[in-house]
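Turn these sequences into a full structure, and let the hints steer you where they fit.
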Amino acid sequence: MTRPLDGITVISLEHAVAAPFATRQLADLGARVIKVERPGSGDFARGYDQRVHGQSSHFTWLNRNKESLALDVKQPQAKEALLQLLKTADVLVQNLAPGAAARMGLSYEALKEHNPKLIVCDISGYGADGPYRDKKAYDLLIQSEAGFLSVTGTPDTPAKSGISVADIAAGMYAYSNILSALLLRGKTGEGSQIDVSMLEAMGEWMGYPLYYAFEGAPPPPRTGASHASIYPYGPFKAGDGGTVMLGLQNEREWQAFCDGVLQRPEVAADPRFCSNALRNQHRAELQALILETFAPLTAAQVVERLDAASIANARVNDMADLWAHPQLKARGRWRSVGTPAGAVPALLPPGVNSAFDYRMEAVPAVGQHNAAILAELGWSAEQIDALQAPQAI
1 MTRPLDGITV
11 ISLEHAVAAP
21 FATRQLADLG
31 ARVIKVERPG
41 SGDFARGYDQ
51 RVHGQSSHFT
61 WLNRNKESLA
71 LDVKQPQAKE
81 ALLQLLKTAD
91 VLVQNLAPGA
101 AARMGLSYEA
111 LKEHNPKLIV
121 CDISGYGADG
131 PYRDKKAYDL
141 LIQSEAGFLS
151 VTGTPDTPAK
161 SGISVADIAA
171 GMYAYSNILS
181 ALLLRGKTGE
191 GSQIDVSMLE
201 AMGEWMGYPL
211 YYAFEGAPPP
221 PRTGASHASI
231 YPYGPFKAGD
241 GGTVMLGLQN
251 EREWQAFCDG
261 VLQRPEVAAD
271 PRFCSNALRN
281 QHRAELQALI
291 LETFAPLTAA
301 QVVERLDAAS
311 IANARVNDMA
321 DLWAHPQLKA
331 RGRWRSVGTP
341 AGAVPALLPP
351 GVNSAFDYRM
361 EAVPAVGQHN
371 AAILAELGWS
381 AEQIDALQAP
391 QAI
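All residue numbers for the sequence shown refer to UniProt numbering, where the first residue is 1 and numbers rise by one.
These are computed hints drawn from the structure, not numbers from a lab. Being a predicted model, the structure only gives us computed values, none of them experimental.
With a Cα cut of at most 30 Å, we get these calculated DSSO-like pairs of lysine-lysine:
1. Lys79 - Lys112
2. Lys79 - Lys135
3. Lys187 - Lys112
4. Lys74 - Lys117
5. Lys79 - Lys117
6. Lys160 - Lys237
7. Lys117 - Lys87
8. Lys74 - Lys112
9. Lys237 - Lys329
10. Lys87 - Lys187
11. Lys74 - Lys87
12. Lys136 - Lys79
13. Lys74 - Lys136
Per label pair, the in silico range of CB-to-CB distance:
14. Ala324 - Pro116: 49 to 59 Å
15. Leu141 - Ala300: 39 to 49 Å
16. Pro326 - Ile230: 20 to 30 Å
17. Met319 - Leu140: 15 to 25 Å
18. His325 - Tyr208: 25 to 35 Å
19. Ser41 - Tyr208: 39 to 49 Å
20. Ala295 - Gln327: 22 to 32 Å
21. Pro116 - Asp307: 51 to 61 Å
22. Gly162 - Pro219: 17 to 27 Å
23. Ala312 - Pro155: 17 to 27 Å
Backbone N, C-alpha and C define an ideal beta-carbon position, used for all residues, glycine too.
Dropping the structure here:
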């Protein structure tokens, strides 16, 4: 069946997380993604760890459905091959060091002369201009710069996200911007340049705490796994040592919680707790009351009460629980994809579309597709072999 991006070719000078996350999603929708890597070592994310049959967990997650072309673009013949690809490509994505692509002649201005329909997406820490343009930017540094650490953690200790949230945010905006640029090109016939900043991506995701601290108001406090401004909303211990995550969103749910879970209807009208603002103000007293109620109960019994009262709740799962999650299994969300070290399970992309199935193809080895891609460009076997000697591929 036809996929949305069938026939679209993406060339990516990418490493780590942000750009590979964007291009993998394009590949899932049918785009041909040619990943340009360093000869030999490839994307340095290949070496982050060895958790997946000796391969990196990050790389395995981010690079299915792609072709690997190993090119040392500092060598003239290798750069010539890259420019040949870009003359007919639809999209170029790059997250090299600031200014590196432009120094290689791969700026949008230089490339559009040869391919006016080309869409160029540049991903960086701080954007193409401004005083921070040339600063190095890693995920944790951007989490810090964007204020994420100031609202995450405990009152005593800030904490980073357990995933590369700044990289993922930038990758998501690169992905959506590329899709919108393809739609725009369908109307105008011309390509465009996209400048995605990790700081600006995280700035958007920090919208709630920004407005919470509007005009100098105190920012949201760090509250661990609890919500900063809604209470009760977070983890609570049961008598058997298990933890239950629960959340209330409105006064109707508060009344139901008091009636069916606490089994103390009079608490709903307690002047300390009769609005969310007051419950938030008197967290310690309300927490003590909730824990007192939960103390003689197991976590399973607490969940039974919460479910009966239609109060949102969840298990505090670890990775083993997620691998075995019954909802993912029931919805058929797992597939098998190949890697250089054998097949591994992989989750389908979010979103079920009745018109097509996602691509779920292999993760490539470094330079696996060199000969095939260069042959498509008209290079002879002798020319390809000649590139091997100086390690241009």
